[in-house]
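Protein chains in written order, with the numbering used here: chain A, 1 to 67; chain B, 1 to 349.
No lab work stands behind these hints: they were computed from the structure.
Be aware that one or more of the hints could be misleading.
[As the list claims (entries may be wrong)] To give an idea of the interface, some chain B residues facing chain A are shown, with a C-beta separation under 10 Å as derived from the structure: (1) Met1; (2) Cys13; (3) Phe62; (4) Glu83.
Built from N, CA and C at the ideal position, the CB exists for glycine as well.
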Amino acid sequence: MDSTFIKAFREVVREEMMKKNVVDIERIGRFEVIHEKQHEERRDDGNVLMIPPVDRVHFTAETDGEA
Amino acid sequence: MKIDRKKLITLICDKTGMKPESVEGQLNELITQIRQASDRGNALEIKGFGMFYHTSQGELTFDPAEELKTEINYKYVGMESVEVKKPAAAASPFPSSDKGGKKEAKASVDKMEHPLDNEEKNPAATLITSIVVVLVIVIGIILLVDFGYMDGLFSREQVVLSPPETTQSEEAPESIVPDETAPVITEAEEPASPDVQEPADIPVSEEDEVASAESDGSSEGSEESEAPEPETETVETVVEAESSEELASAGPAEGSVTPFGLYGKIQMIDHRFYTIVVHSMQSESRAREAAGELSEEGYRAIAITVLHDDIGQMWRVGIGQFATIPLAQRAASDLPEEFRENNFIGLIQ
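Construct all of the structure, not just a fragment, from the sequences and the given hints.
Below is the structure:
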């Protein structure tokens, strides 16, 4: 593997995820972006915090792949 | 849209100019390395992308690199949690002084209840004091009995305790009754007036926002039961005023000069406010352009710059000015669908 391929692989997967596309790599799994909405969270000390929204990378391993 | 293996190879070819056969071969090699490394209990890291490894349950897992996390979350990067509600005890406008007062009062009561604490440290002094006190009492009783003062004492008490008409008029209970009632009235009024007035002055900026957010936001505001009634009333009055302003500006009221609202023009106000962020972008010109378009649609639109360590300068476009988060949330729920599904409330300081 040359570095050009690795760099391109990284950029393509990232760019497609940012477009909200799901990247499905055979024998590995699916990469996608999950959006978590802004929500309130109550702490043990009674404080209620407004947690900002976040976009997270979510990976689901392919279960049918090679062991 | 789903990017499968074939599409992925095409995209990499487009980006690098490499031949599809070469890209396919290297992709296969990468997949094999990921699986082999994780199968051996090792991890394979692609710098700037993330790490593949197997969990203890044998499941292939991917941990994105911080760089990737930031790039994916670029729209919301730099956002921090906002405290909506403080604990009930801390929500009181006078938490520390009240607690301190209680502690001081308790301490003074303790001292009064144990006046001999210091003397107990000196047993001889305590013994002598006790003997002297007993002697004085005994001598006093003997004198009273011998000289008939006990009878006079009882008769005086009876005069005071039983209120004959002559005693009431002569000894002027008028002077007693006002003396008893006056302090009661004074004590009741004096704390009441500062309680009503002070919160109205204090929470103009921060406390007011928190309190109004609580009372306005769903059912959680009802938990603020420890606050005295006058404070609650004061806060509610403020909220109603804000709400009415909101309602007044619910439609695209051009020329509106209210400090808060969804429509109209952004008002420059001294204290912080909340806005509904509907766009995040890195280009200032695009942000200003988007804000301009929203402004033409009648919204109070604002472009805000955010500086982030990884991404650098970012721009966010918000619509509306709101005193509290619940008011902003309520307005956000009534936005057109394009904004309703993808927005967040930001704090402008």
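Exercise. Can we keep the Phe62(B) interface hint, with Cβ of chain A closer than 10 Å?
Worked result: Holds. Min distance 4 Å.
For this session: Would you settle whether the hint for Cys13(B) is holds or violated, based on the nearest Cβ-Cβ distance to chain A being less than 10 Å?
Result: holds (9 Å)
Problem set entry | Given hint Met1(B) near chain A, where the shortest CB pair must fall under 10 Å | holds (5 Å)
Exercise. Was the hint right that Glu83(B) lines chain A, CB cutoff 10 Å?
Worked result: Holds - the Cβ of Glu83(B) comes within 10 Å of chain A, reaching about 6 Å at its closest.
Comparing the model with each numbered hint stated earlier shows that all of them hold.
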